[in-house]
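Peer 1: Here is what each chain is made of, one letter per residue.
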Amino acid sequence: MPPRIYPTGDHAITIEIGDRIDAGINQQVITLFRQLKALNHPGVRDIIPAYQTLTVVYDPLSIKKHLSHPTVYEHMEQWLLEHATIHASATANNRHIRIPVCYDPLFGLDTAFIAQSHGLSVDEVIRLHTNRTYRVYMIGFLPGFAYMGTTDERIATPRKTSPRTTVPAGSVGIAGEQTGIYPLDSPGGWQLIGRTPLVMFDINNTTPCFLQPGDEVQFYSIDIDTFHQLTNHGHPGA
Amino acid sequence: MAIRVLKSGLLDTIQDGGRYGFQHWGINPGGVMDGIAMQVANMLVGNHPEEAVIEMHFPAAELLFEAPSLITLAGADFCATINGEYLPPHQPVWVDKDAVLSFTKHISGARVYIAVFGGWVANNWLGSASTHLKASAGGNGGKALQKNDLLLLKTSQSMPALTHSMRLPWQADIRELYTGSNFYFIPGAEYELLNDAAKKQLEDASFILGRQYDRMGYRLQGAGLLYSIPKEQISSAVTKGTMQLLPDGQLIILMADHQTTGGYPRIGHVISAHIPSLSQLLPGAEISFQQTDMATAEEWLFRQQRNLQQLQNACTFRLAEWMAAHHTN
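Protein chains in written order, with the numbering used here: chain A, 1 to 238; chain B, 1 to 329.
Just so you know, these hints were derived from the structure itself, not from any lab. Possibly wrong hints are sitting among the right ones.
[What the hints assert, rightly or not] Covered stretches of chain B, as calculated for chain A (at least 3 residues, CB under 8 angstroms):
1. 176-190
2. 239-253
[Stated by the list, open to error] Covered stretches of chain A, as calculated for chain B (at least 3 residues, CB under 8 angstroms):
3. 41-53
4. 137-145
Backbone N, C-alpha and C define an ideal beta-carbon position, used for all residues, glycine too.
Generate coordinates for the entire structure from the input sequences, incorporating the hints supplied.
Peer 2: Dropping the structure here:
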């Protein structure tokens, strides 16, 4: 299927690769993201990779000056077509990151609910969550909020029907077949199963987000004492 | 060189043209809601058009000028007064030391902008002074203005030796820059989910801006639009102006503090040139939509830019003349 290209407003253009959530397709998106980013097009303000789309946000006013097409949009479309070589077998070259999570009931407010709705024990839910390596498909919703997937279908659980007004930073949750970590205190509807002592988002860091699109993430279980220790004594690296 | 917040307002933040380049980290661009007002206010005090300004909602903060300054208000009219005397928007005013700027009653618009000669001192985060409230970063320590906050002025340039506040004798004509309540949109990726009747309804019916009209998005009220349910809506990037279709057939238009990605169908995108007018609407306002094409959307933006450029030239000229006439040294 040839990629579909469409406008996302009069200052953004999107290329859609595939029509489903798939690690291979997403890897093509991430590879394309890195490629286009490296070109440093002066009129491009943002490049946003998502599950199976990549969106280029541009400044029509600054691009207009060197127009070779009737519209800035067509100019950007041409730019995409020239540079967006989709590599069917995109090489991964992704970071592998291990993240400690305390699954104590103190933090895993919904673990019992998830266990119950799937006829599992709480320990099985934790085992199934730590058993897999997840892919960071995209970052959205909040600064540094990584959408990771996909979870074992035995623990996949829809969002809460009524979101919590406050979910503390570091909370690890499940929504459908996705898992994620709240980088900031925020309202949120994900089913909470634990909390990481790692700082997921730090405005004082030049790379404020701990996770990047394309990262491969594995969770490992820590007890509450270790959680407090890691919280009090800085944070281990990746 | 400082201005003190005597009384805080509903939501007063430092904003500039926005924080671009980090949306792949989920960091939304933010920035002013009304880009025209920001530019006009800055031009009238001789600043770069995208210099940081203070964006205020009603009720707005009360400010004490501990140092004299040249300022301009733009956007909404909240019946601003300097020591009790009315100050219209879009007119530069020389504010003397110890003067108090108050916003006494709501007249029109939703957001007023204050630019000061030289600009405000603000925290820069990732290349922008815009306040990011969720990340507690940028602007005034990542926060809205609070009582007793001191806002410093960047400039150390010598100012005219005037003994009292005075309005400068010119005003910007902004009528050509705003566009009314008929909003042009470009069809979005999921426009075809609407059935034919809903497509017609989108352009024929009028919609009412609801109570939710914050910096994240505008919720509209109208007859629900009928659409076919997508088999699976996978989250993808959204932009300022994106018209999202909620499951009940109602619309949300995403504004400056929108999330970077969204999972609702994107049925259209309000064109950039019309966003400033949208950002000044209040709940209860009646709005309508009209489909357009990319060439028209871009032409609107370029025309707006040409008008702004002319205004800037005029401002530069008038201000230089005035400064020369009022400097005593």
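Peer 1: For the region 176-190 of chain B, does the count of residues with a C-beta closer than 8 angstroms to a C-beta of chain A reach 3?
Peer 2: holds (count 3)
Peer 1: Closer than 8 angstroms, Cβ to Cβ, for at least three residues: run that test on the region 41-53 of chain A against chain B and report holds or violated.
Peer 2: holds (count 9)
Peer 1: At a Cβ distance under 8 angstroms, does chain A reach at least three residues of the region 239-253 of chain B?
Peer 2: holds (count 4)
Peer 1: Quick one: see if chain B covers the region 137-145 of chain A, three-plus residues with Cβ-Cβ under 8 angstroms.
Peer 2: With 8 residues close enough to chain B, the hint holds.
Violation of the numbered hints given earlier is absent; every hint is satisfied by the structure.
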